[in-house]
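Single-letter residue listing:
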Amino acid sequence: MRRSKYSRPDFLTQGEDRPRLTTSAMIASIAGPDQPTRPAPFGHALAALAQTDDRIVGMSADLAKYTDLHVFRSAHPDRFYQMGMAEQLLMMAAAGMAREGFQPWVTTYAVFASRRAYDFICLAIAEEMLDVKIVCALPGLTTGYGPSHQATEDLAMFRGMPNLTIIDPCDALEIEQAVPAIAAHKGPVYMRLLRGNVPLVLDEYGYTFELGKAKLLRGGRDTLVISTGLMTMRALEAAKALQKDGVDVAVLHVPTIKPLDEQAILAECRKQNRLVVVAENHTVIGGLGEAVAATLMRSDVRPAGFRQIGLPDEFLDAGALPTLHDRYGLSTNSIAASIRRWLDA
Amino acid sequence: MTQIGHNVSLPERARRIRRHALRMGEVQGQGYIAQALGIADVLAVSYFHATHYRPDDPEWEGRDRFLLSIGHYAIALYAALIEAKIIPEDELETYGTDDSRLPMSGMAAYTPGMEITGGSLGHGLGIAVGMCLGLKRKKSASFVYNLFSDGELDEGSTWEAAMSAGSYKLDNLIAIVDVNQMQADGPSLGVMNFEPLVAKFEAFGWFTQRVDGNDIEAVVRAFDAARSHPEARPRMIICDTKMAKGVPFLEARERNHFLRVEPHEWAEALRIIDAGGTA
Ligand SMILES: Cc1ncc(C[n+]2csc(CCOP(=O)(O)OP(=O)(O)O)c2C)c(N)n1
Ligand SMILES: [Mg+2]
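Chains as they are written, first to last, in full-length UniProt numbering: chain A, 1 to 345; chain B, 1 to 279.
The shape of chain A in the complex, shown without the other chains (with noise of 0.2 Å):
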């Protein structure tokens, strides 16, 4: 959509009497106007889980409000850690005290982690598997801040970092779930955070969240939408339109990006042919889509049809989410109006 920084917008062409711009880059909210919420679950289940275990300390770099940390901070004061807005020292000094013993915490936005500290997330942590838990808020397009805040590519970077485990949660459950899932595998893990009032919605599906588990939410014989994180909600609300027109959609929620669910990938893909698409909040390039895709293509499996959900091989405009998320195919509507579109054609 961007056009010459020479030229001015057209709507300011419309005389006196123009509308107010009502849209803005600070709606950043991905929960629905009704949709229930839970505060802060990640910093709620930090602190929570940090009664018990010792072993657990949080460091921030200057984001520990953004992250919900705070939470943790407010809880256990004496064990937190603030590194100043330095990522790359954040994650130094988290492998210096995880090789002391500790399992820290450390907490900044996806795209700092994986641009700014990826060296040293990669050779202070992940190759000496480190017990280093890093949670990142701000995953994908979660702001319209503009490319300097999307982290459209975490998960191809992370994907290629050997003995990382990668997590995408859903909803505000799965994150409660996931943190003692992941303080008790012993190794690196990156988590994509969702932050503030999160959504509240696997509650629905009977969900437990299990590290490495690909759980099906749902099933349907026209489509199986293969999901992850935010997409996953979205994938079901689209699921849930598309019911009313007879279409009758399946849902397979991967929380766990790597290690990936490949057997229950095939399983699934194997059961039915159907078509299938992979919906994920990151670019098409080197994330879940491509991920199932080898997979499929390892064994053999060839289903009805292909499709990937996802955001473009682009750097991403500026401006309020609900528009991004229209542009660029993640909004539920959208996602309808694809798998549409491919069963039509």
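Hints in this document: simulated from the structure, not taken from any laboratory.
Listed next, with one range per pair, are the computed distances between beta-carbon atoms:
(1) E254(B) <-> K271(A): 51 to 61 Å
(2) N193(B) <-> A294(A): 46 to 56 Å
(3) R137(B) <-> R115(A): 27 to 37 Å
(4) P312(A) <-> S228(B): 48 to 58 Å
(5) R99(A) <-> G156(B): 16 to 26 Å
(6) E254(B) <-> M129(A): 35 to 45 Å
C-beta atoms are modelled at their ideal positions from N, C-alpha and C, and glycine is treated no differently.
Chain B with the ligands: place on chain A using the hints.
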């Protein structure tokens, strides 16, 4: 030195910059208003005393380069660019809205006069080093300014750049750090103690001055000294500023990295700023 509209005083420029920033803030109802009010005096001196540029040709080769390393301070720079007539004033009503040229976080591809993309903090000083080297290769007399924040003092990249600027004796580099004592998690020195700053930059080879960044005359003297300093060294101006300067009820708010301001308070803030005007 360039001084556009000689009849308008620097305090009046600063007042208008604050006014433009408040009006943009009002469009969104919240944001990085306190930073804009705090840095307005430094921007007034930068754009109306110390920087050569052509409003109708923002990419003029002979301009001084003014880099905004602090992407979230975009609202402050837009206000200065509006006052400098590089951006038309009516455009402020599009601030932070879809497909605006004035996004929340400053980006070079979006906005005339925005030299770099600065939202990932800690980039500006290193880019400035490269531009200074490039300008020297071109035998250009232009200066490169880099405005960065006290939070950016935490980043290793800032100190890599600081060391190289000293090593290369970049006398065409003028860096300005806004020490507003605030970061995302609270007051800067509580986040990371970066003092003593003058001694640090001197040790890295910089000609270093520290001024009250809300004292326009002191800022003018510092910029003049930085531009005319005879030694072959990069120049650092450490500006101690007050968050939300000029609007006492906002100055009083404790956590003001990201301010939420009630609808009726905008008019009140504008009234206070206008009452303090001097022109
Ligand atoms: C590399 C990087 N890390 C973290 C952030 C998130 N962040 C945005 S503003 C900010 C505070 C930085 O301090 P400063 O610029 O001094 O804040 P202010 O004076 O505006 O309150 C942080 C940590 C960022 N934009 N870039
Ligand atoms: Mg600051």
